[in-house]
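Below, each chain spelled out in residue letters.
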Amino acid sequence: MESKNISRREFLKKLGLGVAATSVVAAACSDKQKENAVEGDIPKGKMTYRMNPKTNEKVSLLGYGMMRLPIIQSENTKNAGSARDTDAPIDQEAVNRLVDYAIAHGVNYFDTSPAYCKGKSEHATGIALSRHKRNEFFIATKLSNFAPQTWSYNASVEMFNNSLKELQVDYIDYLLLHGVGMGEDGMQVLHGRYLDNGVLDFLLKQREKGIIRNLGFSYHGDVNVFDYLLSQHDKYHWDFVQIQMNYMDWAYAKQINARNTNAEYLYNELAKLDIPIVIMEPLLGGRLVKMPDAIVKQMKEREPEKSVASWAFRFLGSYDKVLTSLSGMTEMQHLQDNLRTHCPLKPLTEEEKDFLFSIAKQMVEKNNIPCNECQYCMPCPYGLDIPAIFTHYNKCINEGNISESMQDKNYWKARKAFLIGYDRKVPKLRQANMCTGCNECSPHCPQRIAIPVEMQKIDAYVEKIKQNLL
Amino acid sequence: MNKKLLRTTRVILASIFFVLITLLLLDFTGTLQRYIGFMAKIQFLPALMALNFAVIIVLILLTLIFGRIYCSVICPLGVFQDVISHIHSLKKKNRFTFKKEIKWLRYGVWVLFIVAMIIGINSFVALLAPYSSWGRIVQNLFQPLYIWINNFFAFLAERADSYAFYSKEVWIRSLSTFVISAVSFLVIGFLAWKSGRTYCNAVCPVGTTLSFFSRFAFFRIHIDENKCIKCDKCTKNCKANCINGKEHHVDYSRCVVCGNCQSVCPKNAITYSHINNKVKKNRDNVSEKANNVNESKRAFLFSSAIIGTTLAIAQEKKKTDGGLAVIEDKKTYKRSTEIVPAGAKSLKNLQNKCTGCQLCVSKCPNDVLRPSSDLLHLMQPVMSFEKGACRPECTACSSVCPAGAITPVTAEEKTSIQTGVAKWVKQNCVVVSNDHNCGNCARHCPSGAIIMVPYIKPDVRNNNGETEIKNSTEALNKQEVRQLMIPTVNESRCIGCGMCEYVCPSRPFSAIYVEGMAVHKNI
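Same order as they appear, the protein sequences are chains L and Z.
Going left to right, the first sequence walks through residues 25 to 494 as the numbering used here numbers them.
Going left to right, the second sequence walks through residues 5 to 527 as the numbering used here numbers them.
Chain Z on its own, in the form it takes in the complex (with noise of 0.2 Å):
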C-alpha cells in the first residue's frame, strides 16, 4: 500500500469539507444552502442539539471504524488548524515532539461542558463547540472581507448596468461575539502555529467525546517494531503530539489519523489498519442526552430605553430646495423577552439547542438577527428591527439551522406563527408629537394586526383657551376636521414581525416595538 494514501485522501476530502463549509458560512445570499447545507448539519454538536440520531451514530461509528476522522476532515476547525501548523511545518521541518495528555484540562473542561450543557450555560457551550466557533470566526472576520468583495463586484456591475451583484451593508451585529471570534481565532491560530492540534486534544470537547472512541477504532496506525530504526520521523511529524516512536507507542485517544506519521517513515514500519491489540479497557462512555435546561429569565424593563427618547426629526423649515434630512440611527430596546423567530418553538428551545455558530445570522437577508449580547446566551441569535424587518416572504433562518435550535418552517406556516406582540409607545409616535397623520406602521403590518383609532389629544380647549372634556365623544366632536389617528394593536393577530417597529419613523426608538414571546404560539 501506498504509505501517501491515506495522508492525500485525508488532504482532498479535508480541503473539500473545509472549502465549502466556509463558502456555506460566508454566503449572504442563501444559494449555496440547497447545495451544501447538509454540512452544517453532520457537524457533532449541532446534530446532538438536533437529537439527530442517524448523523450521530453514523459519526460514533465512523469513529469506531476508522478513529478520528471526523476531527480530520469534516469538522472545519479542526482543518483550519491544520492549514496553519502545515505553513509552520514548511519553514520549519520535524517540529513537534511527544507529549503527555493534559488530562486536568481535557477532562476538565469535558466536564464543565457537559455541566454547563445540564444547567444551561449556553454561552459557555456555544463558545467551546468547535464548529460554531469556526461559524463565528468565519461569519465576524471573513464574511465581511467576502461581503466588500462582492461590493466591488456590485459597483463594477452598478456600472455595466447588470444586476449580477447587489451590494450588502457590513456591520458588526454583536461587539462581545466579534471580540470572542477574534480572540477565538487568534488563540486558536496560535496554538496550531506552535503545536498542532493542542486545542483538538485539550480543550475541544468534541474531541474529547470522540477519544472515548477512536481508542477502540478498528483501523489505526501501528508501528511495526521489527520495521521501525527509532529515526523518530513519527513523533517529529505528529502534530497531535501523541506518537512515542521511541517506545513504539501511539496514544489513540488523541490521534487523528492524519497520516503525516506515515508518509514520512522511511521504512514503512507504519501501517493504518487492524491489529488486535491489548487495549486497556477506558472509562465508561459517557450519555449525553440533550437535557432540559432550567434558567432564569432576564427581566429588564424597557422604560429605561424610553427614557431620553426624542424625536430627532428635521423639522427644519424650507428656506432653500434640495437636501436630504439626516436620519438618526434606530437604537435597540431592551426588550423584557427576546424575540426568536419563527421556528425556534420557544426561546428556551433555541437557547438549549443553539451553538452559536452564526449560520442563521450570515443568512439573514434583512439584517435582523443577531448574536444576543447576554451574558447566558452570547452569541446564540436574537432578532430585533432597526435595520429591517422579519419579512414574511423570508425563511433562511429556520432553513439552514443545524442544531434544530430553528426549526424548518415554510413561508405559509410563518403567518400563523407568534413569536412577539407589538406594543405602542404613545410619548414616541409622530401622531402625538408632531400633529400629523402617519399610520405606517398599520400599512406595512403583514396580518393586518394594527388598528388605527382616532386620537383624542389631552388638551381641547374652547375658544377662550380654556380645557373642557366631558367625554370622548364630545371631545372627538371638538377636534379639528383633521382627525389624527393612532395605532393599536389586535394582540390576538400580531406575529412579532418587527415591520411596524422597522419602518416607525421615530428615531432612536420607535414608537411601536415587539415583546418576545417565550413560547411561540400558532395563531
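Bound-form chain L, shown alone (with noise of 0.2 Å):
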C-alpha cells in the first residue's frame, strides 16, 4: 500500500500542473473564482499527446468518433439520441461547435466511416473539418463492410474516393478495413471483402502514394481473423490497429460473451508488434457510464468530484501503446467532460487498475446484456428497436427492478416501473413480443449477443409480470 501511494504521489509531481493540482489552485483563488462552475474552465494546450511512431506525428489522447453526431430535435425524435437512431436531419451547426472547441481544446483525430448516420457522418465531418487548416487535424475513416453488393472492386475504389470528396480532402491519415472478423465466418468474410477482390492491394498502393497515411483495420469477434492479419504484418505492415477495450472488456470479454476475446490478449498481442492502437467502445456505448447505483457510490467514494466515465478513459491512458480512445461525443457536456479527463490525462494506479477490475467483475455478475446501442443490428426487418428493449432491460437490472418472484418486497413496484418503462421506451409493436427470430440481426453484431434468443427471454419475463405468474 505504502509504495503505492508513493507511486501516486512521485506521478503528480512529475505532471505537475494535473488535475489535482488545478482544482488546489482553483480553491485558492478569489471570491470571484467561487462564482464560477466548480469545474471550472478547461485549460488549452494540456492535452496530452501520443506519438504515432511511423510519422512522428502528436495524436491526442482524446479522440473525436464521429458516429452519434447530434441531430435537429423534433417531435419526432423524441427517443433518439443521435444521428444514428433517426433519419432526423444531422445538427450541423452543433457539430462544428463541437468539432471547433475540441480542436481548440487540443483534439486532433476524428473517426468516421461512410456508414455512420444512415452514411451522413462523412458528409457532415468534412463539412465541420473544412473550416480548420488541413494540418491540424488526422482524419480516420473506412472501407466499410456491410452488404456484399459493396464487395466488388469497383465498389469499394469508389467508396474510398466517395470518402475524399465528402470529407474533403486529397489524402486519408488513418484508414481501416471495417469490422473485420465480423459475420457468420469471419475468415470468409475477410477474404470475400478484402484479400480475394484486391481491395487491399488497393490500398495498400494508395499508402505507398501517400493518400492513405496509415493503414490499419478494426477488430471486432473471430479471433482468428486478428491473429491471421497480425500473422501478416511482416507483409502488410499495419500502421494501426483498432480494437475494443475498456476495463470490463479487458478481462471479462469471454464472460460477456463467448465469442469475444479479452481485450487483455488484444493488446499484448499489438504491444508484442509495435503497432499504435486506437481503442473503439471506451465506455461500451455508454454501459460504463450508465452503471448500477452501488457501482456509481464506489467510484464517487473515491473521486466525488470526477466523473463515471473519467474512470475508462483514464483506464485506457495508462497503457502507453494506446495511440487515441475514440468517443462519441453528442453533447458538448461530453465532450467537456472527457477534456477535463485528458487535459491531461492522469494515469491509474495499479491498485486503482484493481480496483476497476473488481468493478468489472461486479459488472459481469449483474448479467446485464452487452449491447452497446451501436446499431449495427439496425434496421430489424420486422421493426424491433433492439438496443432500445436491451437497454431497458440492463436499466431495470441496474436499478433492481428485475423481479425473482411475486413474493419479492418490491415485486408490484419493480413491475410497474418495468412495464409502464417499457411503453414509454419503446413502442409496443417494436417490443420484444413482436421478434419472429430471423436472426437477421445477430451476425451485425460486434458484441455476438444472440440476439433472438435474449429477446425471447425478456419476452417470457415480460408476459410473467404481466401475468403475475412470477
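The reader is advised that the hints may include incorrect statements.
Using 27 Å as the maximum straight-line C-alpha spacing, the simulated DSS-like pairs for lysine-lysine come out as follows [stated by the list, open to error]: (1) K490(L) x K391(Z); (2) K490(L) x K430(Z); (3) K349(Z) x K452(L).
Derived coverage of chain Z by chain L (criterion: at least 3 residues anywhere in the stretch with Cβ under 8 Å from a Cβ of chain L; other residues may be distant) [stated by the list, open to error]: (4) 232 to 241; (5) 328 to 335; (6) 394 to 401; (7) 438 to 449.
These aren't lab readings, by the way, just hints derived from the structure by calculation.
C-beta atoms are modelled at their ideal positions from N, C-alpha and C, and glycine is treated no differently.
Join the two chains, each given in its own frame, into one complex according to the hints.
Written out as C-alpha cells, the structure is:
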C-alpha cells in the first residue's frame, strides 16, 4: 500500500500541473473564482498526446468518434439520441461547434465511416473540418463492410473516392478495413471483402502514393481473423489497429460473450509488434456510464468530483501503446467532461486498476446484456427497436427492477417500473414480443449477442410479470 | 317547507351522479370500477337487458313514489341536458312555454323501440338508449381529451422518473360510432339549449316508459289555485314544458320533478306532496320482457381480405447501420363470425342485451374492443387484434358490463372459454414467403394450442433443378438442414384470444387470425 501511494505522489509531482493541482489552485483563488462553475474552465494546451512511431506525429489521446452526431431535435426524435437512431437531419451547426471546441482544446483525431449516421457522418465531418487547416487534424475513415453488394473492387474504389470527396480532403490520415472478424464466418468475410478482390492491394498502393498515410483495421469478433492479420504484419505493415478495449473487456470479454476476446490478449499481441492501438467502445456504448447505483457510489467515494466516465478513459490512458481513445460525443457536456479527463490525463495506479477490475467483476455478475447501442443490428426487418429493448432491460437490472418472484418485497413497484418504462422507451409494436427469430440481426452484432434468444428471454419475463405468474 | 329544498336536493344528487358516472366512463385504468361501477348497473335499460329485476322494480317503485326523479338524477343524459338548458337560462330568463305533448312522436318512437327490441334491430335500440348515448359521447368525444391530459401528466412523470402516470394511445375505434356520438351530442345538446327536456319527453323510450308510472306518482307537483296569482312563472321555468300555469294543470307524464317551478313561485303556491287527485286512468302498462330475437347472421367471406395482402416487410439491404423499419398498420380481417369477449356467452346474447354504452370499450386496456360497424349491431362491442390481444390476465369488460351482455368471469374461467378458433393463412406466413423460421404465434399462445410442424416446400428440387417429390418423408429428407416449421392450430385448445394474430409479423394481414364462435364453449 505504502509504495503504491508513493508512486502516485511521485506521479503527481511529475505531472505538476495535473487536474488535482488545478483544483488546488482554483480553491486558493478569490471569491470571484468561487462564483464560477465548480469545475472551472477547461485548460487549453494541456491535452495529453501520444506519438505515432511511424510518422512521428502527435495524436491526441482523446479522439473524436463521429458516429453519434447530434440531430436537429423535433417531435419525432423523442427517443433518438443521435443521428444513428433516426432519419432526422444532422445538426451541422452543433457539429461545427463541437469540432471547433475540440480542436481548440487539442483534439486532433476524428474517426468516421461511410456507414455512420445512416451514411451522413462523413459529409458532416467534412464540412466541420474543412473550416480548419488541414494540418490541424487527422482524419480516420473506413472501407466499410456491410452488404456484399458493396464488396466488389469497383464499388470499393468508389467508396474510397467518395470518402475523399465527402471529407473534402486529398489524403486520408488513417484508413481502416472496417469490422474485420464480423459475420458468421469471419475468415470468409475477410477474404470476400478485402483479400480476394484485390481491395487490400488497392489500399496498399494508395498508401505508397501517400493518399493513405496510415493503414490499419478495426477488429470485432472472430479472433482467428485478428491472429491471421497480425501474422501477415511483415507483408502488410499495419500502421495501427483499432480494437474494443475497456476495463470490462480487458479480462471479462468471454464472460460477457463467449465469442469475444479479452482486450488484454489483443493489446498484448499488438504491443509485442509495437503497433499503435486505437480504442473503440471505451465506454461500451455508454454502459460504463449508466452503471448500477451501488457501483457509482464506489467510484464517487474515491473521486467525488470526477465523472463515472473519467475512470474508463483513465484506464485506457494508463496503457502506453494506446494512440487514442475514440469517444462519440453527441453533446457538449460529454466533450467537456472528456476534455477534463484528458487535459492532461492522470493514469491509474495499480491499485486503482485493481479497483476497476473489481468493478468489472461486479458488472459481469449483474448479468447485463452486453449491448452497446451501436445500432449495427438495425434496422430489424420486423421493426423491433433492439437496442432500446436491451437498454431498458439493463436499466431495470441496474435499478433493481427485475424480480425473481412475486414474493419479492418490491415486486409490485418493480413490475410497474418495468412495464410502464418499457412502453415509454419502446413503442408497443417494436417490443420483444414481435421478434420472429429470423436472426437477421445477430451476425451484425459486434458483441455477438444472440439477439433472438435474448429477445425471447425478455419477452418471457414480460409475459410472466404481466400475468403475475412469476 | 323551504321552497328551494326539492330543487337543491335534486341538483346536488344529480351533480354527484353525473360527475361520478362520467368519470367511470372516462377512466381507462379500471380503478374506479370497484367503487362506482354500480352506477352503470342501476341504469334502466342496461338493468332491463341484464334481467336485473331488483333494479327495475326499485326504479319503478321510485317513480311510483316520487315521479321521474330517475330522469333528473340517475340518467346522465338527462342531467347533461339540464346543464345545457341551465346555461341558456342564465342568459335568458323565463324562456319556456307550455307545449302540448307530441304524442305521435313520443309513442311512435316508443312502439318502434319495442318492435326493434323484439325483432332484433339492436343498433336502433342502442341508438335510443339514453345512458348509452351519454356513454358513447363520453367515450368518443371526452375520453380522448381525458387521455391527452393524462398523457401530458405521463410526459411530465417520465421527465421526473415517476411511474404515477402512463400514456395511452388515442384512436377512433369505429368511425360510424364516432359520428353517431358526435351527431347525438350536437342534436341532443341543441334540443336542450332550445327547449329543455324535449328529447326526454318526445324521443327517449326510457322517459316514455317511466311516464306511464309517473302519472300515478304518490308525490307530485301541485299548484294551489287559491294562492296562485297566475303570474305564469312556473310555466316559463319548466324545462319540460309541462306546466300550464294559467289552468293550473301539470302533465305528470312529462314532469321530471326538477323543482324549478317550486323555487320560482313568488307565492309559494306550488307544493311537492301527496294530494288525492282524480287522475284519468291511463293506458295499461306495457311489459318489457326481454324478447328472444332471431336474426340472420352475416356471412362474409374473409377471402377478400387475403386478396392483395402483401408482406410489407422491409428486407432492406444493410449498407449503413441504425434506423427503424417502417411498421405497416395491421388491417382488420372480415371475420365470418365476429368475436365477442369471454363472458358474453354467445354472439346472440351480447347482441340482444348490449345497449352500446361503450363502458367496456373505454375500459379495454389492450385496445381489443371496438364498436361494431355492422349496421344491425352498430355500437355493440366486437373484438379485433390489430392493436393488442385479449390478454389472459384481463377481465375488465366482463366486470363493467351493466347490461349482462358480458357476464362476469374470472381470469381462471377465461382460460377455458373458447370464444373463437385461430386459422392459419398459408400465403401470408413469413415462414412460407420469407423462408425463415418464426413461430412467434406458438411462442405466445397462452393455451398451448399452436403446434409447429415441418413445412414441406412445394418445390424440392434435385441437383439438376428438377422437381421430384414422391412422398412427404422423402421431401423432408431432401430439404436443407434448417427445417422450416409452420404453425398448426389444435382447435380443441384454442380459446380465440388473438395473441397469435397480434404478434404475427405478417402485415397488413396476419398469417394467423381468429374466427369467432357464435356460441362460446367451455373447454
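Structure-based check of all given hints:
Our distance criterion of 27 Å between C-alpha atoms is met by K490(L) and K391(Z), whose separation comes to about 17 Å. Of the pairs offered as hints, the one joining K490(L) and K430(Z) is violated, with about 31 Å between alpha carbons and a cut-off of 27 Å exceeded. In summary, the hint linking K349(Z) to K452(L) is not supported, as the alpha carbons are separated by about 31 Å, beyond the 27 Å threshold. Coverage of the stretch 232 to 241 of chain Z by chain L is violated [criterion: at least 3 residues with CB-CB distance below 8 Å; count 0].
Counting residues of the stretch 328 to 335 of chain Z whose C-beta sits closer than 8 Å to any C-beta of chain L gives 4, which meets the bar of three, so the coverage hint holds. Restraint check on the stretch 394 to 401 of chain Z versus chain L: 3 residues with Cβ-Cβ distances below 8 Å, three needed, restraint holds. With a threshold of 8 Å between beta carbons, the proposed coverage of the stretch 438 to 449 of chain Z by chain L holds, since 8 of its residues qualify and at least three are required.
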